[in-house]
Amino acid sequence: MRDYVEAKVGEYDEKLTYVRGVVTDLARRGSHPRVVAELERTCLKIRELIWRIRSLLPLNLPHLFPRIQVMLAQITTRFDWLEEWYLPAIAHEGPDEIAVGQIIDRVLAQLGITWIADKVVSFSRALAMFPGSGDCPIFFMPSYTRNSLLNWIGLYHEIAHAIYQRFPEIASKLADAVLAYCERQLRQTPALTATQLDRRTLRYRETLAYWDTFRLQELFCDIFATVVTGPAYLFSWVDVSLTSLDGPYSVALDDEHPPNAARTQACLLSLHDGYAASPLKTLTNDLWERFLDRRHRSPLYDQYCPFDLVLAIVRTSQSEIQRLGFPAYQTPIPVPPASLSYTGMDNLAELVNAAVVNLLFERTGFVTWQKSMIERLCPPTRNAGGPS
Amino acid sequence: MMSSLAALASKATSDEQLLGSINDALLQLQLEAAGKATELGYKKEDVELSRKVLAEFLSILLRVITGAQEGQLLAAKSQQEQAAEKILLRLDDQGKPREDWLEDITRTTKHLEGKQSIDAPDWSLLEQMVDFLDTELARDLVALSKA
Numbered sequence: 000m001r002d003y004v005e006a007k008v009g010e011y012d013e014k015l016t017y018v019r020g021v022v023t024d025l026a027r028r029g030s031h032p033r034v035v036a037e038l039e040r041t042c043l044k045i046r047e048l049i050w051r052i053r054s055l056l057p058l059n060l061p062h063l064f065p066r067i068q069v070m071l072a073q074i075t076t077r078f079d080w081l082e083e084w085y086l087p088a089i090a091h092e093g094p095d096e097i098a099v100g101q102i103i104d105r106v107l108a109q110l111g112i113t114w115i116a117d118k119v120v121s122f123s124r125a126l127a128m129f130p131g132s133g134d135c136p137i138f139f140m141p142s143y144t145r146n147s148l149l150n151w152i153g154l155y156h157e158i159a160h161a162i163y164q165r166f167p168e169i170a171s172k173l174a175d176a177v178l179a180y181c182e183r184q185l186r187q188t189p190a191l192t193a194t195q196l197d198r199r200t201l202r203y204r205e206t207l208a209y210w211d212t213f214r215l216q217e218l219f220c221d222i223f224a225t226v227v228t229g230p231a232y233l234f235s236w237v238d239v240s241l242t243s244l245d246g247p248y249s250v251a252l253d254d255e256h257p258p259n260a261a262r263t264q265a266c267l268l269s270l271h272d273g274y275a276a277s278p279l280k281t282l283t284n285d286l287w288e289r290f291l292d293r294r295h296r297s298p299l300y301d302q303y304c305p306f307d308l309v310l311a312i313v314r315t316s317q318s319e320i321q322r323l324g325f326p327a328y329q330t331p332i333p334v335p336p337a338s339l340s341y342t343g344m345d346n347l348a349e350l351v352n353a354a355v356v357n358l359l360f361e362r363t364g365f366v367t368w369q370k371s372m373i374e375r376l377c378p379p380t381r382n383a384g385g386p387s
Numbered sequence: 000m001m002s003s004l005a006a007l008a009s010k011a012t013s014d015e016q017l018l019g020s021i022n023d024a025l026l027q028l029q030l031e032a033a034g035k036a037t038e039l040g041y042k043k044e045d046v047e048l049s050r051k052v053l054a055e056f057l058s059i060l061l062r063v064i065t066g067a068q069e070g071q072l073l074a075a076k077s078q079q080e081q082a083a084e085k086i087l088l089r090l091d092d093q094g095k096p097r098e099d100w101l102e103d104i105t106r107t108t109k110h111l112e113g114k115q116s117i118d119a120p121d122w123s124l125l126e127q128m129v130d131f132l133d134t135e136l137a138r139d140l141v142a143l144s145k146a
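Protein sequence lines, in the order shown, are assigned to chains L and V.
For what it's worth, numbering that gives the first Met the number 0 labels the leading residue of the first sequence as 0, then goes sequentially.
For what it's worth, numbering that gives the first Met the number 0 labels the leading residue of the second sequence as 0, then goes sequentially.
Don't read these hints as lab results, they were simulated from the structure.
None of these values were measured; they are calculated from a predicted model.
Careful, some of the hints might be misleading.
Stated by the list, open to error - Now the stretches of chain L that chain V is said to cover, found in silico as 3 or more residues with beta-carbon under 8 angstroms:
1) 54–61
2) 64–78
3) 167–177
4) 199–212
5) 247–257
All residues carry an ideal CB built from backbone N, CA and C; glycine is no exception.
Take the sequences, apply the hints, and build the full model.
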C-alpha cells in the first residue's frame, strides 16, 4: 500500500506541476484575475494535501491508510474541479462568451449583486451555473441563447442559486417554515387510532425530509426569478414544463427539483398582484390549466406539496428577498401592438417581458423584432457563433 | 431551470469539506494514540479541538437518530445535520438496530468529551462514520458527473 501511495502522490505532483503551468499562463493573460486567484488557492490546497500524505508515509502506520485514502480522494476532487470545470471553460472563452458575460454583469449590477467578483461564461452545456467557491461561478448556456431572448430568462433562476448559497439564513428560514407547517398539521388532533397517529407522524417526517435544502433551493430560485422578472419567468417556466417529459405531479425522490406543478404553483403565488389581470398572466394561467386537465395528482404529490406548504415557502422566500433588498419587478408589461416598438436595452427583465408578449400576441412581427433586438443586445463578433 | 448542477455542486463541496474535517480530526487522534502527533507538528490544542469536532458531530448524529426513534420532527439545517440525516439512512441499511447504534455513539461521544482514551470499538465507530461520509461524497460526484 505504501508503495502505491508513494507512486500515486508522485503522479499527482506531476499533474499539479502541469496544472500550475496552465494557471500561470492564464494569470499572464490577465483576463480573469479573481478566478485565477481561486484556481491558485485550489492548487495550493492540493500541494498541502500532497505534503501531508508524504509526511505520514514514513511513519508506516497501516491504520492511517484509510485516512490517506480520503486525502487522495480529496486531491482527485480538486483536480476534477479544475480540469472538468474551470480550465476548459476559460480555455474556450471567446468574444461571444465575453459579450454574454457583459450582459450578465449588467444583470448582476441591477440586482445589486456585488460579491460575484468574477465569472466565466461557457456555451458547452444547457443553462446552468457551477457555483465554485461562490464568488467566481461559471455560467453555462447554449450558444443559441445569443439568438433567443426567451433563453435568457432562466439566467435569473441560476443567479438565485448564488444568492441562496451566499446567505445561509435563507435556507434556515425556509427549513423553519417547512418545520412549522408540519408541526401545525401534527397539532391538529383528529380522532385517530395510535397506529394511524404514528403513520401520520411518519408522513410529516417524510415531508420534512423531502424538503431538504436542495429542493428548497430550487423552489427559492423559481420564486426569486418570478419576483425579479415578473410574468416573463412564469411563462418561461410553464413553457419548460409543457415541453418536458416529466408529468406535472411526478415526484422524483432522486431529483433535487420539486415537481413541476409545485414549481408552477410557487411562481403563480410569487407573481406581483399588479399583474393579476394582465393578458400575459391570464394566457399563461389558461395554458397551465389546460395542460393540467385530466391529469391526476398522485398521493405522494399531495403529501409532499400541499398548497399551504408551497404557500409557506413562497411567503418566507418573498420575505427574505425583500429583507435582502432585491428589487421586485413591477414595471407595466408592454401592450401589443406597441410592444413591437419596444427598443429598451438597459434592463434585461423588461426586454424579456416584451419578448414574451411579442411571441404570444404579435407572432408575425416577433421574429424580425427579436432579430433587431438581439443584434443590439449581442452585437456580432468575429466568431462564427455570433447571432444569425 | 431544469439543471441540478448548482445544487449538486454545492452539495459536493459542502460534503467534501465535512469529510475532510472529520477525516483530519480522526487522523490527529490516531496520530496522538500512536505517539506521533507532536512529530507531525500537531499541538495539544489541535488534538483537543479534533476531539471536540468529532464529539460535536456524533452529538448531532445522536440527536438525529433519537429524534427519528421518538418520531420527532427535526429540520436538518446545518451541513452536519444534513449529513447526519444521510448517515441515518446508511445506518438503517447496516442490519444493526438503531438502539445499538445509539449505545455505541453515546459511549464514543462520552470518551471523546471526557478526554478518555479511545478504545477499539470507538475507533471502529469513527472509521465507519468517515466511510459513510466518503460514500455520500462519492454519490455526489457520480450525480455531478451526470448533471
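Evaluated hints:
no.	hint	verdict
1	54–61	holds (count 4)
2	64–78	holds (count 7)
3	167–177	holds (count 5)
4	199–212	holds (count 8)
5	247–257	holds (count 3)
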